[in-house]
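Residue strings, one per chain:
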Amino acid sequence: MAYALQQLINGVSLGMIYGLIAIGYTMVYGIIGMINFAHGDIFMIGAFLSLIGLLLVTSGGMLDGAAAIVLVLALSMAFTALYGWTVERVAYRPLRGSFRLAPLISAIGMSIVLQNYVQVSQGARVKPIEPVVHGGFTLMQDGTFAVQLSTMQILIVVTTLLVLAVFTWLVTRTPLGRAMRACEQDRRMASLLGIDTDRTISITFVIGAALAAVAGTMYLLRYGVIDFYIGFLVGVKAFTAAVLGGIGNLPGAVLGGLLIGLIETFWSAYFSIQYKDVAAFSILILTLIFMPTGLLGRTEVEKV
Amino acid sequence: MSAPLLEIRDVSTFYGAVEALKGVSLTVAPGEIVTLIGANGAGKSTLLMTICGDPRARAGRVIFDGQDITEQPTHRIVRGGIAQSPEGRRVFPRMSVHENLLMGAQSSGINPAPGLEQVFTLFPRLKEREAQRAGTLSGGEQQMLAIARALMAQPRLLLLDEPSLGLAPLVSRQIFQAIRRLNAETGLTVLLVEQNANQALRLAHRGYVLVTGRITLSGTGRELLARPEVRDAYLGGH
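One line per chain: the protein sequences are E and H, in this order.
So in full-length UniProt numbering, spot 140 of the first sequence is number 140, and the numbers just go up one at a time.
So in full-length UniProt numbering, spot 204 of the second sequence is number 204, and the numbers just go up one at a time.
Next comes chain E alone, as it looks inside the complex (with noise of 0.2 Å):
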């Protein structure tokens, strides 16, 4: 009981962190119909820069603590967003019009363009940071297995609910928003409208990309290790995650997230940690056999 109660903890705060990452995925799904394969290397970047950023900012006992995280977090975030508009816009943009596969090779190829760029100006070695986080509580004690929350995972759970607060305020209730809406829905009309469509799409790659940041931050914090690899299996399960909740439904990528963070959780703790990303990556499979349009998915015929 107690083991699964710790478990369960740390399934939530790494399904936060999917659940950011997914969100980037599937906005950019639902406003350009194509997966941002670049991403998960957004997020890697994201992570390098809270590195770099944490590294400056404490260097010489500047500032610690919280002040210190939310510096890094911003900085991060903003840096992140830019390489998220500069990707849109060398490597998307002049491909939008061309035939549908084209900016899915596209994110491919920058992918690999942003892995090997970090590899050849970070290095290839794992870059390990000293915790910045400490401490914790102790839940419940059961012989001699203590359930532990730890501060790293409050702050993660903390910050993701809080940057979903804004974010979700910022899709439904601002004008903003309502032109992301518009340009998923009819892109063509929007612009009708007179929705400046290209601005609307660079904006959406630069929520994606600072919300990927975020997820870098607390993956660095969270595990204290990173390197230029991380984006793939990581990327890749977010992708999961955003397919799972139902790919362009923003709910449904961190529902998705969670569960697997959850899943791959649990299946480390109960069954084979060597096979974790197996259960993860089956669950893409399963879902794209069984339920194509994931757990919150559209489905309902609307009238044209």
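Simulated from the structure, these hints should not be mistaken for lab results.
These numbers were taken from a predicted model, which means no experiment stands behind them.
Each residue gets a CB set at the ideal place from its N, CA and C atoms; glycine is no exception.
Please note that a few of the clues may not be correct.
Listed next, the stretches of chain H that the computed footprint assigns to chain E, with coverage defined by at least 3 CB atoms under 8 Å from CB atoms of chain E [unchecked claim]:
#1 86–97
#2 102–112
#3 178–185
Fit chain H to the supplied structure of chain E, relying on the hints for placement.
The following block gives chain H in isolation, referenced to the frame of chain E:
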């Protein structure tokens, strides 16, 4: 006649290698209702879309209010004061009626409140359906919404593509009355594409007949209604 609000000069538009418009010229003066009639596939909708730069004219010029807008991006053209209720209505199905209307006013940055009041007076049905998702409206309601959304921008030129298509005669009459009222009360300039030539020519000050991408006839609504070739081809011949 005063300087035209819209002038289309020798415009040709292509879909791939197919020439949909073959050197079309027409003008719309401020405060006028001009209608464009023609058979299916004549290029009527293409002409309205070409005015908005989507698709772009391959030859010729589109001049709006003295400015050459042929090469401008669609969203700029529209922000200049042209609103369209397009073929197929194209309401945003997963947005509420209210949000669809706000989308109409969004890019012009004007306060939507007076516009909302105006369109709800024009189409009280939309007021009843305000919170409902547009995808669940009936065809006629969607048509009203598409027109209302276009009006929300307070345009100087309104482009209407087959507003009576698929509507019950009563609803279609309501919509034509609404157009007439807007034109009379606010001086709104309208370019109307219609297959219902009889109703359209009665409403319009002037009309053009488009046949496979070319203007073959033009004149006042009354003149065109009297022409035998118009009667035979577009008014059912009786």
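Here is what the structure says about each hint:
| no. | hint | result |
| --- | --- | --- |
| 1 | 86–97 | holds (count 7) |
| 2 | 102–112 | holds (count 6) |
| 3 | 178–185 | violated (count 0) |
Of the hints listed earlier, the one the structure fails to meet is number 3.
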